[in-house]
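Could you build all of it, start to finish, from the sequences and the hints given here?
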Amino acid sequence: MGLWEAFLNWLRSLFFKQEMELSLIGLQNAGKTSLVNVIATGGYSEDMIPTVGFNMRKVTKGNVTIKLWDLGGQPRFRSMWERYCRAVSAIVYVVDAADRDNLPISKSELHDLLSKPSLSGIPLLVLGNKIDKPEALTKQGLTDEMGLKSITDREVCCYMISCKNSTNIDSVIDWLGFTLEEDRSSMVELSPNYFIPCL
1 MGLWEAFLNW LRSLFFKQEM ELSLIGLQNA GKTSLVNVIA TGGYSEDMIP
51 TVGFNMRKVT KGNVTIKLWD LGGQPRFRSM WERYCRAVSA IVYVVDAADR
101 DNLPISKSEL HDLLSKPSLS GIPLLVLGNK IDKPEALTKQ GLTDEMGLKS
151 ITDREVCCYM ISCKNSTNID SVIDWLGFTL EEDRSSMVEL SPNYFIPCL
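Numbering (the working numbering), first residue to last: 1 to 199.
Worth flagging that the hints you see were computed from the coordinates, not collected in a lab. Incorrect hints may appear among the rest.
To be verified - Taking lysine-lysine and the DSS-like style, the derived pairs with C-alpha atoms no more than 27 Å apart in a straight line are:
| no. | residue 1 | residue 2 |
| --- | --- | --- |
| 1 | K67 | K116 |
| 2 | K139 | K107 |
| 3 | K61 | K107 |
| 4 | K58 | K164 |
| 5 | K116 | K133 |
| 6 | K133 | K149 |
| 7 | K149 | K139 |
| 8 | K164 | K61 |
| 9 | K133 | K164 |
| 10 | K164 | K116 |
| 11 | K116 | K61 |
| 12 | K164 | K139 |
| 13 | K61 | K149 |
| 14 | K67 | K107 |
Said to hold, decoys possible - Just the calculated beta-carbon pair ranges, DEER-fashion:
| no. | residue 1 | residue 2 | range |
| --- | --- | --- | --- |
| 15 | A87 | P134 | 38 to 46 Å |
| 16 | R76 | T152 | 13 to 21 Å |
| 17 | T60 | D101 | 18 to 26 Å |
| 18 | N102 | T60 | 14 to 22 Å |
Positions of the beta carbon are idealized from the N, C-alpha and C atoms, including for glycine.
Structure, rendered in C-alpha cells:
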C-alpha cells in the first residue's frame with residue numbers, strides 16, 4: 001500500500017463509519033463465546049455457559065462496528081449455521097486446537113458448510129483456539145488436519161489464538177478490519193489457492 005493510498009484510507013476512516021457482520025461457528029466448547037467477550041470487553045472467564053441457539057452482539061472498535069452472530073455448536077444447532085452465514089462479511093470458524101479427537105468432525109462440518117452455494121466466496125477465518133494448552137496443535141498441524149489448503153473458492157486465513165491469554169486477538173481484529181476493504185486483490189494475489197497463512 002502506497003503512502004498516498006494509506007493517507008486516503010486514514011482520511012476516509014475519519015468521516016465514514018464502517019459496519020461488518022460476522023458469523024462465529026464451530027463445535028461446542030471451541031471458545032466462540034469467549035472470543036466474543038474478549039473482543040468486546042477484553043475479559044475472559046472460565047465459567048462460560050454454552051450458547052443455546054444463537055446470540056447476537058454488536059462491538060465497536062474505532063470507526064468499525066462489528067455485528068457478531070455467536071452460533072451454538074451442538075449437533076442440533078449446526079443446521080442453523082448456513083442461514084446465519086449468508087451475506088456476512090466473513091465466516092469465523094473456531095476450532096479447539098487442543099481437542100484432537102474432535103478435529104475430524106470439525107473438519108467435516110466446515111467443509112460441508114462451505115459446499116453450500118449460498119456461501120460461495122465468503123471469506124473464511126479459521127481460529128485455532130486454546131494454544132495455551134501444551135497439547136494444542138501447531139498452525140501447520142491445524143491447517144493440515146482441517147484441510148484448509150484444499151479450499152480454493154474463497155479467501156482463507158488461519159490464526160492460532162488463546163482467548164484465555166488474549167494471544168493474537170489484536171491480529172484477528174486487524175484481519176477483520178481488512179475484510180471491509182472493497183478491493184482485496186493484492187491479498188489474493190499472494191496465493192494462487194487463495195490460502196493466506198496470516199502470520
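Numbers of unmet hints, in rising order: 3, 5, 10, 11, 13, 16, 17 and 18
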